[in-house]
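**Student:** The residues making up each chain are set out below.
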Amino acid sequence: MNSEHRGAHILIVDDDALTRNTTRAFLDKHGYAVTAVDSAEAAFTLLNDDYLPDLLLLDVIMPGIDGFETCRMLRHQPKYSHLPVIMLTALDDRESIDQAYRCGATDFITKPLNYPLLRHRMQYMLRSAAVLRHLYESQEALVNTQHIALLGNWTMDAAGDIVAASRQYLDIIGAATRRSPKTGCSSAFTAKTASCWPPAAASWRPAAPTGSTTGFRRSAGTTSGCTCTNAAFRSSTCAATTRAPTDSPRTSPNASPRRSASATSRGTTA
Amino acid sequence: MPTPSTLSPSADLPQVDLSELQATLGKEAQRIIPIVLDSFLKESAGYIAALEAAQDLESCTRFVHNLKSSSATLGILHFSALCKEAEKVARSGDEAGFRKLAEGLIGAYATVRRAVAAELEAMRSAS
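Chains as they are written, first to last, in this note's numbering: chain A, 1 to 270; chain B, 1001 to 1127.
Only chain A is shown next, with the shape it has when bound in the complex (with noise of 0.2 Å):
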């Protein structure tokens, strides 16, 4: 077993005892941590009881709750809409393997289990789920971090509309709104930036904002930055990140050197 996955824990669901019994053995020696029940209201009382599997093995035809509907009930709580769900599915069932992902599953096996690859669908459902975990940290993360620093980010696309934005983006956009375009990274792009909230200016395209020291044009791909309001430091920061260039981004004198055709500009403005 890939020691990164030893221990984690796996919930089978299964009213067939066979195939929950030699699935248990199965995983068991592999150093996995198995919890088997034999129907989906056993399976709701262990996870109302805090307890969160790494992944869950879920037969499709079961008294009571079906795996269907198990796993549409799963997805509709956020604590589970990103728990692997691997469904236990009849070879010769197209019908069911189609429900099943309409269900939210993330990809079904089908029966007698073939162990080894259902071993191998599950270490590459762990790794994937794990490398999610990961970018959901690293985005709460980020989202702290912008709130402490008043820094938002923001995408824009070739019509430049913005077409995403983060929260904190959108309340420094508020405030700026409210309080005084001086607040933000400069003046004019705060304001342009403001007054293009909601997206729907799509005449509006990004300019090198008054006193940046960070210049753009695009007129295809996407351009990312972020925008800040940092009151205490008397300065703000602006990134650009421009993608599939189509033309050369424009940079003023003291701006950082272009690093690629699909460079990073970077600038401060005090």
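Among the clues, some could well be false.
Reference excerpt, derived from the structure (chain B facing chain A, CB under 8 Å, subset only) [as the list claims (entries may be wrong)]:
{"hint": "1", "residue": "1025"}
{"hint": "2", "residue": "1028"}
{"hint": "3", "residue": "1035"}
{"hint": "4", "residue": "1036"}
{"hint": "5", "residue": "1039"}
{"hint": "6", "residue": "1040"}
{"hint": "7", "residue": "1062"}
{"hint": "8", "residue": "1066"}
{"hint": "9", "residue": "1069"}
{"hint": "10", "residue": "1070"}
{"hint": "11", "residue": "1073"}
{"hint": "12", "residue": "1104"}
Listed next, the in silico EDC-like pairs over lysine to aspartate or glutamate satisfying Cα-Cα at most 16 Å (straight line) [stated by the list, open to error]:
{"hint": "13", "chain 1": "B", "residue 1": "1100", "chain 2": "B", "residue 2": "1085"}
{"hint": "14", "chain 1": "B", "residue 1": "1088", "chain 2": "A", "residue 2": "107"}
{"hint": "15", "chain 1": "B", "residue 1": "1027", "chain 2": "A", "residue 2": "28"}
{"hint": "16", "chain 1": "A", "residue 1": "79", "chain 2": "A", "residue 2": "137"}
{"hint": "17", "chain 1": "B", "residue 1": "1088", "chain 2": "A", "residue 2": "137"}
{"hint": "18", "chain 1": "B", "residue 1": "1042", "chain 2": "A", "residue 2": "38"}
{"hint": "19", "chain 1": "A", "residue 1": "29", "chain 2": "B", "residue 2": "1085"}
{"hint": "20", "chain 1": "B", "residue 1": "1088", "chain 2": "B", "residue 2": "1058"}
Please keep in mind that the hints were generated in silico from the structure rather than gathered at the bench.
Please read these numbers as outputs of a predicted model, since none were measured by experiment.
Note that beta-carbon positions come from the ideal geometry of N, C-alpha and C, so glycine has one too.
With chain A held as given, fit chain B onto it using these hints.
**Tutor:** Relative to chain A, chain B alone:
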């Protein structure tokens, strides 16, 4: 040396072909297969009893579904095919047709059970 599944306990018993399961489980086979066989004997008896008691069609569908899967795991392919057919008929809602097939299943089960028990006994003796 022949593995227990290659032994032929009796000519009239259905074949229990554990070769696929053994290949799948690899080194774990010797330890896990007796658990599987034992589990089959316990579970299947319950399912067959429920079929004999003519429980509701929905429950019976689930029982033959599980029997289909578990007998396929043990390589009892003829019995698994009977279960598959019964499940298909049950899902179509043809209760009379299902009951007829269920009778056949119940009849076939006695020999399946004997074959699995013989296999389990052979494995235990060999270890």
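**Student:** For each hint, tell me whether it holds in the structure or not.
**Tutor:** Results of checking the hints against the structure:
1. Hint status for residue 1025 of chain B relative to chain A: holds, with the closest Cβ pair at about 6 Å, below 8 Å.
2. Among the interface hints, the one on residue 1028 of chain B holds; its C-beta lies about 6 Å from the nearest C-beta in chain A, closer than the 8 Å criterion.
3. About 5 Å separates the beta-carbon of residue 1035 of chain B from the nearest beta-carbon of chain A, less than 8 Å, and the hint is met.
4. Taken as an interface hint, residue 1036 of chain B checks out: its beta carbon lies about 5 Å from the nearest beta carbon of chain A, inside 8 Å.
5. At about 4 Å, the closest approach between the beta carbon of residue 1039 of chain B and any beta carbon in chain A falls short of 8 Å, and the interface hint on this residue holds.
6. Taking 8 Å as the C-beta contact cut-off toward chain A, the hint placing residue 1040 of chain B at the interface holds, the least distance being around 5 Å.
7. With a cut of 8 Å, the hint placing residue 1062 of chain B at the interface with chain A holds, because the nearest CB-to-CB distance is about 6 Å.
8. Taken as an interface hint, residue 1066 of chain B checks out: its beta carbon lies about 4 Å from the nearest beta carbon of chain A, inside 8 Å.
9. Below 8 Å, beta-carbon pairs count as interface contacts, and residue 1069 of chain B has one with chain A at about 4 Å; its hint therefore holds.
10. Restraint check, residue 1070 of chain B versus chain A: the minimum CB separation of about 4 Å is within 8 Å; hint holds.
11. Interface restraint check for residue 1073 of chain B: the shortest CB-CB distance to chain A comes to about 4 Å, inside 8 Å, so the restraint holds.
12. Proximity of residue 1104 of chain B to chain A is violated relative to the hint, the smallest CB-CB distance being about 21 Å (cut-off 8 Å).
13. Only pairs whose Cα atoms come within 16 Å are accepted, and residue 1100 of chain B paired with residue 1085 of chain B is accepted, the gap being roughly 11 Å.
14. Distance restraint check for residue 1088 of chain B and residue 107 of chain A: the Cα-Cα separation of roughly 25 Å exceeds the 16 Å cut-off, and the hinted pair is therefore not satisfied.
15. Distance restraint check for residue 1027 of chain B and residue 28 of chain A: the Cα-Cα separation of roughly 14 Å lies within the 16 Å cut-off, and the hinted pair is therefore satisfied.
16. Among the hinted pairs, residue 79 of chain A with residue 137 of chain A is consistent with the structure: their alpha-carbon atoms are about 14 Å apart, no more than 16 Å.
17. Proximity of residue 1088 of chain B to residue 137 of chain A is assessed by CA-CA distance (about 47 Å); at most 16 Å being required, the pair is judged violated.
18. Among the hinted pairs, residue 1042 of chain B with residue 38 of chain A is consistent with the structure: their alpha-carbon atoms are about 15 Å apart, no more than 16 Å.
19. Distance hint between residue 29 of chain A and residue 1085 of chain B is unfulfilled; the C-alpha atoms sit about 35 Å from each other, more than 16 Å.
20. Proposed proximity of residue 1088 of chain B and residue 1058 of chain B is supported: the alpha carbons are some 12 Å apart, at most 16 Å.
In summary, the numbered hints that this structure violates are 12, 14, 17, 19.
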